[in-house]
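Participant: Given next are the chains, with one letter for each unit.
Number of protein chains: 2
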Amino acid sequence: MKVRIHVSLKPGVLDPQGRAVHHSLEGLGFTGVEDVRVGRLIELEVADGTSDETLDDMCRKLLANMVIENYRIEKLETA
Amino acid sequence: MKVRIHVSLKPGVLDPQGRAVHHSLEGLGFTGVEDVRVGRLIELEVADGTSDETLDDMCRKLLANMVIENYRIEKLETA
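Here the protein sequences come in this chain order: A and B.
Okay, so the first sequence: first residue is -16 according to the working numbering, each after it adds one.
Okay, so the second sequence: first residue is -16 according to the working numbering, each after it adds one.
Some clues are possibly wrong.
The list makes no distinction among identical chains, and a pair is therefore deemed to hold if it is satisfied within one copy or across any two copies.
As the list claims (entries may be wrong) - Straight-line distance between alpha carbons at most 25 Å, and here's what the computed SDA-like set of lysine to any residue pairs gives: (1) Lys(-15) - Asp(-2); (2) Lys44 - Val(-10); (3) Lys(-7) - Gly32; (4) Lys44 - Thr14; (5) Lys(-15) - Gly(-5); (6) Lys(-15) - His5; (7) Lys(-7) - Gly12; (8) Lys(-15) - Glu52; (9) Lys44 - Glu9; (10) Lys58 - Asp(-2); (11) Lys(-15) - Thr33; (12) Lys58 - Pro(-1); (13) Lys44 - Ala30; (14) Lys44 - Glu17; (15) Lys(-15) - Asp18; (16) Lys(-15) - Glu36; (17) Lys58 - Ala3; (18) Lys58 - Glu9; (19) Lys58 - Gly12; (20) Lys44 - Leu11; (21) Lys(-15) - Glu17; (22) Lys44 - Asp(-2); (23) Lys(-7) - Arg20.
Worth flagging that the hints you see were computed from the coordinates, not collected in a lab.
Same shape as in the complex, but just chain A (with noise of 0.2 Å):
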């Protein structure tokens, strides 16, 4: 089963990659751009009978910080 999980991060939490990544559009001539955040995409090829608390479990303890992200799982497909 193929999972994917966004890792974004919360709102009014400083994004310094993502202010660089705005400026530098800015450079490049691009305008009309007023916000730019930058998260990750993590695909995972997992069991097919994992569980939703698993999954939910894996971001919690790894691959997502609490603190100052939030996540989103998507499943794929069920083969």
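Based on the hints, put chain B in the right spot on chain A.
Facilitator: Just chain B, lined up with the frame of chain A:
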């Protein structure tokens, strides 16, 4: 307009970060994980009239490294 860019390593490109995460998941006792790939998730707030060509251009020039990475553009809303 909110746009989400998914940047992931091309198949076959070695992913040391993914391997480290995979190893850590096993170390934490999670079984059944077969593969882990780590990519980036870039959320942009751009002007409503921004064309697909412009977004493509941003990805090719800055957001993704076309030699080793693929990108996918997802438009979330048109206010």
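Participant: Out of the numbered hints, which ones does the structure contradict?
Facilitator: 3, 7
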